[in-house]
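Protein sequence lines correspond, in order, to chains A and B.
Numbering-wise (our numbering), the first sequence opens with residue 18 and increments by one.
Numbering-wise (our numbering), the second sequence opens with residue 49 and increments by one.
If you are wondering where the hints come from, they were derived from the structure by calculation, not from laboratory data.
Hints are not guaranteed to be accurate.
Here are the simulated DSS-like cross-link-like pairs (lysine-lysine), alpha carbons at most 30 angstroms apart as the crow flies [as the list claims (entries may be wrong)]: (1) Lys316/A x Lys171/B; (2) Lys633/A x Lys185/B; (3) Lys592/A x Lys86/A; (4) Lys452/A x Lys424/A; (5) Lys174/A x Lys118/A; (6) Lys171/B x Lys592/A; (7) Lys309/A x Lys592/A; (8) Lys473/A x Lys416/A.
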Amino acid sequence: METRSGVSEEEEQMLREVSGLGHDITESLNVEMLRENANLNGESFSGKIGKFGSEYAKWYARYYIVPEKLMTAVDHNDLYVHDLDQYAVGSTNCIFIPFDKLLARGFSTGSGSVRTPQSISTAMALVAIIFQCQQNSQYGGVSGSKLDHDLAPYIAKSFAKHFHKGVLYFDENLPLEEHNITLGSLTLCNSHPRSYSFAVQETKIECLQAAESLIHNLNTMSSRAGGQIPFTSINYGTCTSLEGQMIIDSLLSATMNGLGSGETPVFPIQIFKCKRGVNQSPEDPNYDLFLKAVECSTKRLYPNFANLDAPFNLQYYDPTDPNTEFATMGCRTRVLADRHGRNRLSGKGNLSFNTINLVKLGIKHGIVNGRTVPHEVDFQRDLYHFLDIALNGLLHRYKIQARQPAKASDFMMREGVWEGGELLDSDESVEECLKHGSLSIGFIGLAECMKAMYGKHHAESEEVYATALELISSMRRYCDMKSEEHDLNITLMATPAEGLSGKFTKKDREVFGSIPGVTDREYYTNSFHVPVYYNLPAARKISLEAPFHELCNAGAISYIELDGNVRSNQTAFLKIVQYALSQNISYFSINHPIDRCGSCHYEGIIGDTCPICGTKETDVPMYRLRRVTGYLTGDYQTRFNAAKQAEVRDRVKHR
Amino acid sequence: MNICGYYPESINEGDDLRAVIFLSGCRHRCSGCFNPATWNFNYGEPFTEQRQQEIITEMANNQLLGGMTLAGGDPFFSADEAADFIDNVRAAIPNFSVWIYTGYIYEDLIVSVDSAEYRLLMKCQVVIDGPFIESLKNTSLPYRGSSNQRIIDIQSSIRYNDAVELTT
Numbered sequence: 018m019e020t021r022s023g024v025s026e027e028e029e030q031m032l033r034e035v036s037g038l039g040h041d042i043t044e045s046l047n048v049e050m051l052r053e054n055a056n057l058n059g060e061s062f063s064g065k066i067g068k069f070g071s072e073y074a075k076w077y078a079r080y081y082i083v084p085e086k087l088m089t090a091v092d093h094n095d096l097y098v099h100d101l102d103q104y105a106v107g108s109t110n111c112i113f114i115p116f117d118k119l120l121a122r123g124f125s126t127g128s129g130s131v132r133t134p135q136s137i138s139t140a141m142a143l144v145a146i147i148f149q150c151q152q153n154s155q156y157g158g159v160s161g162s163k164l165d166h167d168l169a170p171y172i173a174k175s176f177a178k179h180f181h182k183g184v185l186y187f188d189e190n191l192p193l194e195e196h197n198i199t200l201g202s203l204t205l206c207n208s209h210p211r212s213y214s215f216a217v218q219e220t221k222i223e224c225l226q227a228a229e230s231l232i233h234n235l236n237t238m239s240s241r242a243g244g245q246i247p248f249t250s251i252n253y254g255t256c257t258s259l260e261g262q263m264i265i266d267s268l269l270s271a272t273m274n275g276l277g278s279g280e281t282p283v284f285p286i287q288i289f290k291c292k293r294g295v296n297q298s299p300e301d302p303n304y305d306l307f308l309k310a311v312e313c314s315t316k317r318l319y320p321n322f323a324n325l326d327a328p329f330n331l332q333y334y335d336p337t338d339p340n341t342e343f344a345t346m347g348c349r350t351r352v353l354a355d356r357h358g359r360n361r362l363s364g365k366g367n368l369s370f371n372t373i374n375l376v377k378l379g380i381k382h383g384i385v386n387g388r389t390v391p392h393e394v395d396f397q398r399d400l401y402h403f404l405d406i407a408l409n410g411l412l413h414r415y416k417i418q419a420r421q422p423a424k425a426s427d428f429m430m431r432e433g434v435w436e437g438g439e440l441l442d443s444d445e446s447v448e449e450c451l452k453h454g455s456l457s458i459g460f461i462g463l464a465e466c467m468k469a470m471y472g473k474h475h476a477e478s479e480e481v482y483a484t485a486l487e488l489i490s491s492m493r494r495y496c497d498m499k500s501e502e503h504d505l506n507i508t509l510m511a512t513p514a515e516g517l518s519g520k521f522t523k524k525d526r527e528v529f530g531s532i533p534g535v536t537d538r539e540y541y542t543n544s545f546h547v548p549v550y551y552n553l554p555a556a557r558k559i560s561l562e563a564p565f566h567e568l569c570n571a572g573a574i575s576y577i578e579l580d581g582n583v584r585s586n587q588t589a590f591l592k593i594v595q596y597a598l599s600q601n602i603s604y605f606s607i608n609h610p611i612d613r614c615g616s617c618h619y620e621g622i623i624g625d626t627c628p629i630c631g632t633k634e635t636d637v638p639m640y641r642l643r644r645v646t647g648y649l650t651g652d653y654q655t656r657f658n659a660a661k662q663a664e665v666r667d668r669v670k671h672r
Numbered sequence: 049m050n051i052c053g054y055y056p057e058s059i060n061e062g063d064d065l066r067a068v069i070f071l072s073g074c075r076h077r078c079s080g081c082f083n084p085a086t087w088n089f090n091y092g093e094p095f096t097e098q099r100q101q102e103i104i105t106e107m108a109n110n111q112l113l114g115g116m117t118l119a120g121g122d123p124f125f126s127a128d129e130a131a132d133f134i135d136n137v138r139a140a141i142p143n144f145s146v147w148i149y150t151g152y153i154y155e156d157l158i159v160s161v162d163s164a165e166y167r168l169l170m171k172c173q174v175v176i177d178g179p180f181i182e183s184l185k186n187t188s189l190p191y192r193g194s195s196n197q198r199i200i201d202i203q204s205s206i207r208y209n210d211a212v213e214l215t216t
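Next up, chain B with everything else stripped away, as it sits in the complex (with noise of 0.2 angstroms):
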């Protein structure tokens, strides 16, 4: 799994302030995504153990964030790797709030409970779903590209066995 991006600190991927890790890899290939580079999985430098490790350590000491937003490319395409960091980072920082990027929408994601997509997003407490599409495109939304996609509370979308957006 490679990495093309990160910012200790950010305030425009979620609630909060927030580490933002760019995963690369995305085959959803949405026309007028504003980076089309990040598509590429070998994109980027490989989040090796060490480089993993530094941004933990970074994050565990930076007393002000809130959590940390996993974004891409796409990180459901490396859904086992992307699940085995969280823990990672949660052993390290228990109770850090996850949130995460998908072009997949959230309904996709639950069909099986026993994929490694279902292990990811069960991970994280919040998705921002659905591909970005040109036309809806709107960048007064907080968080998002275009107004098709969701800011979902995943655990009480499950509750609920319902979608449950986040009122922002």
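This is chain A alone, in the form it adopts within the complex (with noise of 0.2 angstroms):
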């Protein structure tokens, strides 16, 4: 910062700047910025003081860290640079977290040390702990990439726990090894029949406590700045032993009992593992866990599904190793591959993302403008160009994450949660570690950018389908060329925006008008997606999509948007998110309305009058629940921004 005498005119201008955001945290005025994240209460208290924070975060990379060329395109809309608030001081997005090694060796918290658990009670209310502690580390999701096989052993553990406890009471106390004392033992069963059974039972109930325990931690710990609870996801499915399997069916059975008073719970983002010859056929090992998942997502919205037969993801795959096993951050981040070589999920995560508008690039060179033919050349040079320009800004963004004493994101790096950080010194920097996180380049609005090149977007004509494909598997080539030259992880990421979706739009539109099918909604389109008021059958809308997952490999999900009472009617259910599967989707999820009588708490649909206690919304709130870029919010109607709003009333549904 150069020193100046006196005040120059750009200074009075940058102070009036400085106030004016404080001006309009305090005074609740900006609800657009307030409402930005539909998970944080940003008028209250807190929300307000972490505002502070954030807001002037940004004000101070946007003038003294931000690259000029990056800034400047951030400020004609061309580009946006997700969490500008964290720039400056170097953190880090978002982490798969190693909760086996975590838990196997104890850990500490900076003011305690834990010991290994002994129980899964323990275990599972340690996750939460875990999860709380490595969220300040760090801005974005925190995420279990198989909590099923990390928390197996302590099922273990509890069921010796409850077998000794048996011997006891039962007067059954015969020779026995200690280490026939498994859940999966039949000599133990016969030799011991009533210890045994006993244990199987108090195991059960444990662990669904247990469970349940979990997700009320996970919607409770307002850790974060605005009664802010951390983004958790757990990813689990695939783990056959039968401590595993408990596992699965508690979690599951936890979340389909909700909390409290029976409400939905919003996190942790729940991902269901799909693979073959373990959970998708009747013959399968976990197939009935499978069923159940979709019953649970038809009552809650989750688990999501992942895929890890799409050929991008199996060929990561080790059957003896569920670290390979494809997993995600519940918003669709993507972080499996590593050309060092940690070609696995845990102990790494995304760096950081910025987001190309295609909208705008599309009305600048598209026919929408009057021309007869689009200028596919200049477009071509033009998307290169802020291509560069995201990159250039995410390496230089990268300097800044790698030069950061370890000490800095002390837990993640003292504990070994990104794998490696624990060999540092406290003092020494991270680079070494964070090579093997990702970088990734993001989209939004190809359906809209498509529209204004050709008048037509990808789902209404073959020919732009095929331009569309073009045009992502070559920002996609650009990423994997750009990831040889620098030696990093430089990945293409169909954004989830949130913020952003009516951002852009509500700029585009001041500069260019508003252009039917391009900028005359509230917001663009995301990524890929066919957008959500064309009207498609869900097959079509699946297949369309399919192939565009491949090619975003810093992550994508899907939607179908089903209107009804899905719970009844879970054939329909299951036999998309298989259809989704066969069509290699990596990523999948459905969602239908879950309503909830302010009244009697009825969940399920209701008009203006709740069909149980036939109280009216006129005279009692109805809770609408959405999902909004992977994650369910609570009533989208006083969480979710305007332009959000919007896209939730024009989404087309396959009824």
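Take each chain as given, in its own frame, and dock them per the hints.
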């Protein structure tokens, strides 16, 4: 910062900006800013304090840190830097936590140390604590990629404990080898029948209670500003041991039971990992758990479904190592591959991402401006121009992240949550560890971009579809090429735009006016999705979107929207999920409405009157739970920003 | 015969993903009917051969569909034409399951085995029967509007000579 004598006009302008920010926050004047994130209550005291920090951090990054070219592109609405408030301090985005390692060894929170748990209830309680500790070391999602495998040993411990109690109670004190005390031991079942069945029952009860308290904990620990709970995700479904199956079963039961008054849990995001031979056909060992996951999803919108059989996920799969099973950060982030050899999940994550506004490029070079032919060459040139700026921004930010000392992300590095961090001195830089993470370039509005370029979006014309697919392929090739050049994991992301979906559109409309099918709505269509308002059969939407999943190696999700009470029609739900998996969709979910009566707490479809207690919406509010960018939020009418509210209204429903 | 509605995919009118076709015309005139306009046999558009073929092609091409549902109006007031339509559908898509809605009760439909109504019923797998009774309205029940209405497995009912309800 230059020091100047007196106050220049520029400085005065900056001062006005800073004080304006504070005024907007304290007086709750800028609703869009306060609702930028549906999970955060920006009108609360702690939310406002958080906003002060983050808005000023953004302001500081903009003037003193971010490369000028990148900031100009952001100001001109060509690019978006996600989590700009975190840029200057060099924090990283998200991570898969190696729960197995942390639990087996014990860990220190910084103010106290924790021993290895000796039962499933303690282990699950510690999972919540680990999530909470880790989320303060970063800014995005925290995820467990294989919670069933990670927790199975603690079921075994609980079982052994209960069995020993049983032996005393039932006086079955026969000679016995210690190592035979397992849930799966037939000998034990025969030699100590009463103690064995007692121990099974007790373990089941303990596991269900533990799962319930885990889910409650993850919905109640408001340990981020704004009463915000950490963005937690848990993946499970493939562990075929009796212990692992018990964990999956309990997590699903606890989710279906719901929270305190039976309401749907918003967190953790749950992802059921689907794998042929493990849980996809009636003869598979975990098929009944897959069916239960389907049932749970029809009731609670979770779990979503991850596809381990999609070839681009399967190539890393080693059946003997659950850490190689594809799993996802709930919002969609995929970090499976690593050019530095860690082709597995736990212990790394995404570092940051920048998103390109494809729509503006389309408007600049498409037929929408009265041209008869789109200027494809200029479009390409412009695209690569902004890809370069986006990439250089990521590399610039990476340098800031890499030079941070280990102590800046204390828990993450000291405890080896980020693999290798435990080997660093607290003042040593984290570069060697972070290189295993990914830097992602995202995109938004493929549909509107095509509409602006060619007059039709990619679901309206086969020719346009081929062009759209080639466009995204070329962006992927760019990322692959730059990975080689910089020896870093540079990946292509189907951006989960929440705050962003309306921001780009609003600014573009100010400049270009309201263009039908392009800027005339309040949001741009997410990533490569077929527009939510476009009517087409579910199978067609799935098969159109599927090929993009392979291209977006930083993650993608596809949704089908169902209108109606899918709880009573699980056949349809199951069929759609398995069709999506068969088409090599990598990560899939079905949206359907869940309404909740404010009076009697009935959950289901509610019109203007509750079908159970007859209460009218005009008298008591009805909570209408919907999904946004992979996450659930509370009632969308009060928590969503305007753009996302509009998007939800526009969604075409596959009845 | 006219149709007054067509959903290419729905989860609300029977198990699995189904196409739903609403046939115009109904003489039950239930009080509180969700759409009295559909009582009129001339409501909607004529269900021409061409329109039938369009819908059949669309259904045949949708690999996620488990079947179709005929609703209305009440298809049993156009029993012969509805039965013929099912024949056309089956010619193109064999084993396509058909659910059907009616304001009649099952027992009345099987009184005469020579009737057009019986012929139509026998072409379907499941019938949701009975008039809509406003005082028994319950929108939380799957696939039904009022609690007197039953979801009946037609083939089992014939076999056991008694209305066999599906559990949903």
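Hints, one by one, checked against the model:
Taking the CA atoms of lysine 316/A and lysine 171/B, the gap is about 34 angstroms. The hint is violated against a cut of 30 angstroms. Simply put, lysine 633/A and lysine 185/B have alpha-carbon atoms about 16 angstroms apart, close enough for the 30 angstroms limit, and the pair holds. Between lysine 592/A and lysine 86/A the alpha-carbon distance is near 48 angstroms, which puts this suggested pair outside the 30 angstroms criterion. Distance hint between lysine 452/A and lysine 424/A is fulfilled; the C-alpha atoms sit about 18 angstroms from each other, no more than 30 angstroms.
The hinted pair formed by lysine 174/A and lysine 118/A meets the criterion: a straight-line CA distance of about 16 angstroms does not exceed 30 angstroms. For a cut-off of 30 angstroms, the pair hint linking lysine 171/B to lysine 592/A stands: about 25 angstroms separates their Cα positions. A distance of roughly 14 angstroms separates the Cα atoms of lysine 309/A and lysine 592/A; the hinted pair therefore holds under the 30 angstroms criterion. Restraint check for lysine 473/A and lysine 416/A: the C-alpha separation of about 41 angstroms exceeds 30 angstroms, so the hint is violated.
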